[in-house]
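Asks: Given next are the chains, with one letter for each unit.
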Amino acid sequence: MQWFTDFFDRSHALETGSEILSSRGRLAVAIAVVLLAVVAPVINVFEPFWLNILVRMLIFALLALSLDFIFGYAGLLSFGHAAMFGAGGYAAALLMREYTQNLFVVLPASIVVGVIVAAIIGWLSVRAKGIYFAMLTLAFAQMFYVIAFTDLPATILDVDEVTGADDGLVGVAGFELFGEPIHQLAGLDHRLLYFYMTLALVVVSLAAIVRLANSPFGRVLQAIRENEERVEFIGYNVTRYKVIAFSISGGFAGLAGGLYVPFQSVAHPGLLHWEISGELIVMLLLGGLGTLWGPMLGAGLVVLVEDLLGGVASWEIILGGIFIVVVIFAPRGLAGILISIRNDPSQALTNARKTLRNYIEKVKG
Amino acid sequence: MLEVFIRSTFLGLQLGMTFALIAAGLTLIFGMMDVINFAHGALYMLGAYFGTVIAGTFGNYWLALLLAPLFVGLIGAAIEIFSLRPLYGRNPLYHILLTFGFAIAIQGAIVLIFGGQSRRIDVPTVLEGTIQVGPVTYPVYWLFVLIVSTVLIALIWIGIERSNLGILMRASAHDTEMVNALGIDVNKVFTGVFVFGAILAGIAGVLLGGSRSVHPGMGMGIIIEAFVIVVIGGLGSFRGAVYAALLVGLVTAYGSVIAPTLTELFLFAMMAIVLIIKPSGLFGATEAA
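These protein sequence lines are chains Z and W, in that order. Numbering-wise, this note's numbering puts 239 at position 174 of the first sequence, and it's gapless, one number per residue. Numbering-wise, this note's numbering puts 242 at position 234 of the second sequence, and it's gapless, one number per residue.
Chain Z on its own, in the form it takes in the complex (with noise of 0.2 Å):
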């Protein structure tokens, strides 16, 4: 059970200084979230569409965090994250539909439902290396997809509908507690207070993931996506090491999309599509890969893109645009270039001249 020992200590952090997002970085995400926090009644007066991207922004954020959790320090691209995020999304649908509509009940199942697509998923997958992973993945979350598209437990079951096919479930309703909708209680504006709510829920999923990366479990990840041999010869075993990161990332992801559905109001095939895995995708690099919170603004700039050109039929065009110029010049993302400008700013502007020219001379072969 050394394992699970692991995820309790950090002393190993701590000893070395060696932390994953360091007393500065925190000091910034707090500054970010206290400055949320106070906009947002702000915002909510005036723009109130803007509130309802900035509630995306964080799912999406809290979705990227879960996967560069194993794809940052584990070195698992997972091609099939939409399948959790899914998942999550239609037992909170389902739940919320036929039981209860309890907070407390529904995100923890969304959770649960996660960890087990995950556990699956993972269990199935880990055994194949890199991109054979990644289509392994991708795989089973198309799976997914087409038995939510199909709606094929309704067939089993015998039922008029258990995912509602193409259509989805719709009209999913709002959380309750103690039978009454949780704004209400709270005595806020119920966008308001959804969004104070996923920033909660975003910030402790943060703060658990930093912990777990710091801990010497998340440590064994870093040393798996280093030199997955060495580990396996210092007698750890890799194989749960990794089933156990990619079922911890799927609950993260279920999470994501438990918040996701009720707040939009409907479950929908497309949320289980590979597509929704390739953008995340997009959001991690966008960002920089392995730094948690490069992901997180990554997936904010690809959520207020989308929703900001959403009517001009050319915004997938900006999108991959931008895509391809950070992949080419900026292999560690938006992270990468406020990195090294921070370290040296007076030498920005060269290495930017530096890149440029190598990249003249590559193409010229």
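It is possible that part of the hints are untrue.
[What the hints assert, rightly or not] The list that follows gives simulated cross-link-like pairs (lysine-lysine, BS3-like), each with its CA atoms no further than 25 Å apart: (1) Z/Lys429 - Z/Lys419; (2) Z/Lys427 - W/Lys196; (3) W/Lys286 - Z/Lys194; (4) W/Lys286 - Z/Lys429.
Note that these hints are calculated values from the structure, not bench results.
Since chain Z is already given, all that's left is putting chain W on it; use the hints.
Replies: Only chain W this time, still in chain Z's reference frame:
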């Protein structure tokens, strides 16, 4: 019953051979350059759209079949030279991400230029109508597609196995540095392979554009099927891609008769089972990625 079976078999073979054209490019590009090309579906879609434009403007299907793939090849060359080439030597994941960016951007461009409605490439009167094959009536166009793609695949197969160019290609894949040291510009070989793959995807686009609808989602739709094929066949294996494409084509055709809604599920299940039992695919050589 027998009629349905024969008809499905023909349809499956036709689909399989067109899939093989798409998968061949994908697998050759991976085998040589270690690039998983997510933009391959987008190139296939570009072929189909160029086809509708050329066939629509000149009213000539044959011109479309000839020119559209060449234009796709040009775009492929630009993608390879200006974006893939500077990334060689980096983690292969960056290629996935880069080509994913192209897939999104090209799809956006298509919607911007052509709008969202679906189109079709008009086929010449020679290829219209049906033909009697035993007890089954069969569209002439399907037979045409089957023959063209089979001939192309056979030519490529022979080319890879026998020609000097094929040997050079395989050698470059096997030991890039050695081939470079022998005075051959591997960069050019890579560009050539990528353009070749793009042209094949373009041809498949025009061919299928005559029997299936041409719409902005077709690129993202086909890429998953193509991945299933190359993964089942073994990434980088041309032989594997052709066999797996036929298998997938037949499963799709039979599936659409037996249980239309579950066909896709069968395909992914097939891929998952193959990968779990033999991670390198049916004809794959190495497991390393």
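Asks: Each hint should be assessed against the structure and marked as holding or not.
Replies: Each hint tested on the structure:
no.: 1; hint: Z/Lys429 - Z/Lys419; result: 16 Å, holds
no.: 2; hint: Z/Lys427 - W/Lys196; result: 13 Å, holds
no.: 3; hint: W/Lys286 - Z/Lys194; result: 12 Å, holds
no.: 4; hint: W/Lys286 - Z/Lys429; result: 40 Å, violated
Comparing the model with each earlier hint shows a violation of hint 4 alone; every other hint is respected.
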